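Going down the list, the sequences are from chains E and B.
Numbering-wise, the first sequence is residues 1 to 328 according to our numbering.
Numbering-wise, the second sequence is residues 1 to 328 according to our numbering.
In short, the hints are calculated from the structure, not lab data.
You may find that some hints are simply not true.
[Stated by the list, open to error] Computed footprint of chain E on chain B; a stretch qualifies when at least three of its residues, placed anywhere within it, have a C-beta under 8 Å from a C-beta of chain E:
hint	stretch
1	21 to 29
2	60 to 66
3	137 to 148
4	209 to 220
5	304 to 310
[What the hints assert, rightly or not] Which residues of chain E face chain B? A few of them, derived with a C-beta cut under 7 Å, are:
hint	residue
6	G73
7	S74
8	E280
This structure is a prediction, so every number in the text was calculated from the model and none was measured.
Where is the CB? At the ideal position from N, CA and C, for every residue including glycine.
Below, each chain spelled out in residue letters.
There are 2 protein chains.
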Amino acid sequence: MDKKINVGIVGYGNLGKGAAAAVKQQPDMELAAIFTRRNPQSLDVGEPNVKVLQVDDAAQYQQEIDVMILCGGSATDLPEQVPAFAEMFNTVDSYDTHAKIPEYFASVDKVAQASGKTSIISVGWDPGMFSLNRVMSEALLPEGQTYTFWGKGLSQGHSDAVRRVDGVKNGVQYTIPSEKVMEQVRNGENPKVSKSDRHVRTCYIVPEEGADQARIEQEIKTMPNYFDEYETTVLFISDEELKENHASMPHGGFVIRSGKTGSNHNQILEYSLNLDSNPEFTSSVLVAYARAAYRMSAEGSHGAKTVYDVAPAYISPKTQTELRRDYL
Amino acid sequence: MDKKINVGIVGYGNLGKGAAAAVKQQPDMELAAIFTRRNPQSLDVGEPNVKVLQVDDAAQYQQEIDVMILCGGSATDLPEQVPAFAEMFNTVDSYDTHAKIPEYFASVDKVAQASGKTSIISVGWDPGMFSLNRVMSEALLPEGQTYTFWGKGLSQGHSDAVRRVDGVKNGVQYTIPSEKVMEQVRNGENPKVSKSDRHVRTCYIVPEEGADQARIEQEIKTMPNYFDEYETTVLFISDEELKENHASMPHGGFVIRSGKTGSNHNQILEYSLNLDSNPEFTSSVLVAYARAAYRMSAEGSHGAKTVYDVAPAYISPKTQTELRRDYL
């Protein structure tokens, strides 16, 4: 058997923990080390064989690590870390600030081309698997419309927003696709709909004692950018209910392409995810693409890449012969 | 603007007609010629600018055609034609005899490696898009089960089989996924089910006048391999009903991966197709992959390929910059 792919993880939040668990599920990978900005001694990763190291010491481990999975946030961590790591390592990340992807790609590409490393950026499910399905389904059915629906899922940004409302003790927000619009799309009706037509929002709020619930509801429903354009439902619950029913991080969504071919036939393609754990799935995608980064680097395909550049065989542990014989 | 990709089509049945229509939808392709075994003068392709030529004359058009789409059948046409064409042209085909794909691949690869051409084999939806989703979803979620459901769709082979039953004047057969099993799978129950547990079959039969309907029903339901292991419904209808309601060729299906990550979270991935015209969709996939064959050939990536070897960007007419900016 070939040597295993030695994986490093940078950052040990939800994503980093998910990546560590995902590496264990892969037959051809080994978790070599976790790098953290915290005190390494303070981290219990539950794996005595896995080194926990200071992120600033990473440069010393270039010989031991085949590919580094960057598990920081898109706002400040990744734009700084990934170009720095791409000088020394093959990398994979989940950079998801859609509007800034072109400049992010350019900055990573410049470094990785020079260092002869391979960096796959913006990997996950959106950007990631959903992006792939948007491009592929449009290539297959050039005449038509593509619809992305998110949810049902807990939105971190919107949950933060409702928690900032005066009188709110705690709360979560779910983004939910509009059933009515989904049905129109699946029927090939190609409705003209905005993002706010395609989704509704439901908030579960734990109020402070004695808070004015009507005012909280009103304030949430009229919050600019976050809620004002959406059909929003606000429900008040207890602390216990929140803990019991709203502690996990489910998410998911749908990419639907509704196209027409030849003699005006409707052709509907749909890709959907129903995830009990959003961060664990995102990190599972990162880990599979870490395999691709390692292999493409070994073949001399250097620089920054996206999911569009990765032939699907590169993310699978199976051989080409197995893929053709058992899966085609 | 770059020059358009000149496409040739070999065979002008349902698939060839679909391919001709699909090429017209692609902004960067032009249909150069249709090759047929029939008398070219007998074919009305409805396009005065498209040459209709004898298939035996194809060798003369090597300079004019960038990629040839082979639209024959898997039983006898493709195993003979594709190796012959791969000596002269980049090719794409929809070879779908699953059990023989490895030997078919080897025979095409040998020729294409020697001639310096690129041949993408077994393109369509199954094999094709479904194969991709089986491999990718398993790579992302190594612990789990993958389920393929076909239908609701008209099955050509099973329709032929019911029409061979004594007393049957005409008839069609639909393969239909079991709703019950689909629900179990979507719930993450990972049921152990065979192909016959996952599907039911419904036949619409036009009986000959005076035929014994009970005997026909019995004979269909007990037909070995085709029906005996399936829950089968036989319905008798008139000639007119058959023409009116069962003349199109709908199909589709589902690939569902039910996996577990990290702390025992269910993660469900689903890819589905709902096709009003099975041959038109298959040929739309062939045409998008013809673009990939042309580009990979231009880059020197020769030999036989499958969908697993094709980076998604190759099937899209968009530039890399557009893909990253507008779709990621």
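Review point. Counting residues of the stretch 304 to 310 of chain B whose CB is closer than 8 Å to a CB in chain E, do you get three or more?
Key: It holds: at least three residues are needed, and the stretch 304 to 310 of chain B offers 5 whose Cβ sits within less than 8 Å of chain E.
**Study point:** Three-residue Cβ test at 8 Å for the coverage of the stretch 137 to 148 of chain B by chain E
**Key:** With 6 residues closer than 8 Å to chain E, the stretch 137 to 148 of chain B meets the three-residue bar; holds.
Exercise for review: Check whether three or more residues of the stretch 60 to 66 of chain B sit with their beta carbon closer than 8 Å to a beta carbon of chain E.
Suggested key: With 0 residues close enough to chain E, the hint is violated.
Check your understanding: Minimum Cβ distance from S74 of chain E to chain B below 7 Å?
Key -> violated, 13 Å
Point to revise | Interface restraint verdict for E280 of chain E against chain B (beta-carbon cut-off 7 Å) | key: E280 of chain E check passes; min Cβ-Cβ to chain B is 4 Å, inside 7 Å.
Review point. At a Cβ distance under 8 Å, does chain E reach at least three residues of the stretch 21 to 29 of chain B?
Key: Three-residue rule met by the stretch 21 to 29 of chain B, so holds; n is 5.
Check your understanding: Measuring from the C-beta of G73 of chain E to each C-beta in chain B, is the shortest one below 7 Å?
Key -> violated, 18 Å
Review point. Would you say the stretch 209 to 220 of chain B counts as covered by chain E, given the rule of at least 3 residues with C-beta under 8 Å?
Key: violated (count 0)
In summary, the structure is inconsistent with hints 2, 4, 6, 7 from the numbered list given earlier, while agreeing with the others.
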